[in-house]
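Colleague: Listed here are the chains, written in short residue letters.
Protein chains: 4
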Amino acid sequence: MTRAIILGGSRGIGKAISDSLKLIEIDVFAASKNDIDTSNLNSVKKFLETHDQTDILILNTGGPEPKPFLTVTEKDWNKYHNQLFLGFCTILQNIKVNDGGYIFLISSSVIKEPNSKLIISSAYRAAFSEVFKVLSKEYAQNNISCINIAPGPINTDRTQELIKNVKEFEKTLPMKRLGEPEEIGNFVKGIIENNIKYLSGVTINFDGANSNYIF
Amino acid sequence: MTRAIILGGSRGIGKAISDSLKLIEIDVFAASKNDIDTSNLNSVKKFLETHDQTDILILNTGGPEPKPFLTVTEKDWNKYHNQLFLGFCTILQNIKVNDGGYIFLISSSVIKEPNSKLIISSAYRAAFSEVFKVLSKEYAQNNISCINIAPGPINTDRTQELIKNVKEFEKTLPMKRLGEPEEIGNFVKGIIENNIKYLSGVTINFDGANSNYIF
Amino acid sequence: MTRAIILGGSRGIGKAISDSLKLIEIDVFAASKNDIDTSNLNSVKKFLETHDQTDILILNTGGPEPKPFLTVTEKDWNKYHNQLFLGFCTILQNIKVNDGGYIFLISSSVIKEPNSKLIISSAYRAAFSEVFKVLSKEYAQNNISCINIAPGPINTDRTQELIKNVKEFEKTLPMKRLGEPEEIGNFVKGIIENNIKYLSGVTINFDGANSNYIF
Amino acid sequence: MTRAIILGGSRGIGKAISDSLKLIEIDVFAASKNDIDTSNLNSVKKFLETHDQTDILILNTGGPEPKPFLTVTEKDWNKYHNQLFLGFCTILQNIKVNDGGYIFLISSSVIKEPNSKLIISSAYRAAFSEVFKVLSKEYAQNNISCINIAPGPINTDRTQELIKNVKEFEKTLPMKRLGEPEEIGNFVKGIIENNIKYLSGVTINFDGANSNYIF
Chain A
54 MTRAIILGGS RGIGKAISDS LKLIEIDVFA ASKNDIDTSN LNSVKKFLET HDQTDILILN
114 TGGPEPKPFL TVTEKDWNKY HNQLFLGFCT ILQNIKVNDG GYIFLISSSV IKEPNSKLII
174 SSAYRAAFSE VFKVLSKEYA QNNISCINIA PGPINTDRTQ ELIKNVKEFE KTLPMKRLGE
234 PEEIGNFVKG IIENNIKYLS GVTINFDGAN SNYIF
Chain B
54 MTRAIILGGS RGIGKAISDS LKLIEIDVFA ASKNDIDTSN LNSVKKFLET HDQTDILILN
114 TGGPEPKPFL TVTEKDWNKY HNQLFLGFCT ILQNIKVNDG GYIFLISSSV IKEPNSKLII
174 SSAYRAAFSE VFKVLSKEYA QNNISCINIA PGPINTDRTQ ELIKNVKEFE KTLPMKRLGE
234 PEEIGNFVKG IIENNIKYLS GVTINFDGAN SNYIF
Chain C
54 MTRAIILGGS RGIGKAISDS LKLIEIDVFA ASKNDIDTSN LNSVKKFLET HDQTDILILN
114 TGGPEPKPFL TVTEKDWNKY HNQLFLGFCT ILQNIKVNDG GYIFLISSSV IKEPNSKLII
174 SSAYRAAFSE VFKVLSKEYA QNNISCINIA PGPINTDRTQ ELIKNVKEFE KTLPMKRLGE
234 PEEIGNFVKG IIENNIKYLS GVTINFDGAN SNYIF
Chain D
54 MTRAIILGGS RGIGKAISDS LKLIEIDVFA ASKNDIDTSN LNSVKKFLET HDQTDILILN
114 TGGPEPKPFL TVTEKDWNKY HNQLFLGFCT ILQNIKVNDG GYIFLISSSV IKEPNSKLII
174 SSAYRAAFSE VFKVLSKEYA QNNISCINIA PGPINTDRTQ ELIKNVKEFE KTLPMKRLGE
234 PEEIGNFVKG IIENNIKYLS GVTINFDGAN SNYIF
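Protein sequences, first through last, are from chains A, B, C and D. With the first letter of the first sequence counted as 1, position 148 gets the number 201 in the numbering used here; the numbers rise by one all the way through. With the first letter of the second sequence counted as 1, position 160 gets the number 213 in the numbering used here; the numbers rise by one all the way through. With the first letter of the third sequence counted as 1, position 79 gets the number 132 in the numbering used here; the numbers rise by one all the way through. With the first letter of the fourth sequence counted as 1, position 141 gets the number 194 in the numbering used here; the numbers rise by one all the way through.
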């Protein structure tokens, strides 16, 4: 039976992916922050002791609170360096993804269009996207597909917190609505259930035509 | 019943998309070059007389023979300007895509990494990708998703013609193989059958981790 | 003596480059629309009869009026296909740029962030940018540098026409002002007078920090 | 008198910039590793005690040895996180760049085309490029230009170390040679001496037409 480990699997996009994959008979371990806290490398290492292989891995974690650059402390930088970058590197250095498997990274549209409010997230998510791109070529040798999904405005608790007036904000979006976490969950499911392997090394904007950049 | 019009639907990637969509009970019109020749605007206009609306539209066409820049004639430029750009513009100016529908553009990885052999294709496919990006924001208002798929080396007749020694070439690829047209066909099917709408305005490399650019 | 041909050299950015290059003793031919009309291939060919070699070439031309996609006619497409793409291709196919020379393309920020108002310009300027990128590798063999400058909002007659209330618009820009044509002219001069050759195959946003995309 | 602080100013590209700026009567402080070691935040803070303002700031530092991903240790990640990212953030949080000034970041072509050998450098230099892009919009308000130069293969001691057979490597490059540090130095000089301010928020490939990506 195919096995999936989903980080940040208890809410938002992670939970939606978990729900979708369960529909196609995948044995899902939806990790919550109690299972693994990627901002804490000891927690990451402990998690890896009992979760050292999988067929499908979903690298997914929340980002920091918005914070202006001048007020970000050394402690903040280091915390989110762990949470958004080093924790994921540690996982990929230590987990075995089985041949023919998948690794999905749930990053953010801020990696392409960085944002002053989300400057920490822009920086470290971009950094990990570079690592993930490089590794996609190595994983390809074992027929493992690496897919970076960069969500724009999605209807999660976090977006509701970040944006003051969601109703007004939605009117400014091309589709006049936020994306639904289920759309990402089902997109991931569609790739896996159809066994699409040649989609790899790619960053996929998932933003309802909101971004302006040509690619 | 959902209706799809697939240009270049009689072979290669177009045929694979056609085959995949038929599996999910879509009423597919797989147009061949006899039905519509996008290098000939009269042919395009004639086609539009009887095909003036659809739920799903797949913009797909072959590219020119490799030709060094200095030998490309004015006639060549104008022919492929029609085939790769103006034909598609004419279609989008005249066809009605029904609300909640999809438009897929099958472009090429050369739009991001242009290629001296395929310089005509690089130019005009990029030009149309710009138009498609702009229009994605307008189509979004009617819940129509615009998805640009940029295939890398795919196992079609054309690739077999373009590349002298395919077996040797495959060894240089990260996945050690060409992509299969069916993977693109099934990817398109996966998006439609799962009703993924928020994926729009995006260009998706489909190249088995072959490209080097970060995004 | 070093010779430069500057298309669109009688006004705006072209004139500013002309003025700057004259300061460093370059023999400038600042072509006006009377000398060469790139929307008319016969005019282009005639120009090339008497201007068949240069040390420095500046490919520069105005763009079309803003026009919504649905109202662009076949005649419009073909006219601007000539003006923004095919005229430049014809020039590069027929002019000799001397070894150690420079070719500058003045394109537009819309090639990276296409714009519904300027959809024609977005498409064809991007198309030519693809050709220019490919050719940069060939010109490099003769130590000819190819530099694509993509201006954002610059203080030209055209910008004054395009934008209703320039004063208000300027307040929305990061630098609270339009760029000056002289800044582009002097930038080009700075590259040439310092004999910077390794800057080639590059697209340089020149937009006062206005674009949002990371690269 | 205009003042410049140049990090990594005692060799390679940093020294070349230093030499170029001295030619135009700029008061250059070319910091060596003895003056400031960006991998050590205490060293950075100490440096900032006596260097707390400048007109021109050049953020420049060497990168790590090539190291395969699986062998990079937590200590390595943290060291280069400091050296390539956090040290620069700390500087920008604490130094005053005078109105009308310049900040140049010397990054690397690996931020756009990441490299398995230089995976650490790809990651953290990209991360800082995100921060730098965001800040360019804020600095613009004080007429300070932020310019990210991304060098490709440049003739420095480091390149000589990284590449086994430089002569053979050069034959594979479009210009058949490495770039010279002086070209970057003089490019920076050309921008400053011509007072080009509207060039900001931009990443400039400086690679002799070597990269393949369209932008």
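Because the hints were derived from the structure by calculation, they are not lab data. In this text the structure is predicted, and so the values were computed from the model without any measurement. Some hints here could point you the wrong way.
Same chains, same names: a pair is fine if it fits in one copy or spans any two.
[Said to hold, decoys possible] The calculated lysine to aspartate or glutamate pairs, modelled on EDC-like cross-linking and capped at a C-alpha distance of 16 Å, are:
1) 250 <-> 129
2) 220 <-> 233
3) 120 <-> 246
4) 120 <-> 72
5) 98 <-> 127
Colleague: Of the numbered hints stated earlier in the document, which are not met by this structure?
Modeller: Of the numbered hints, 1, 3 and 4 do not hold.
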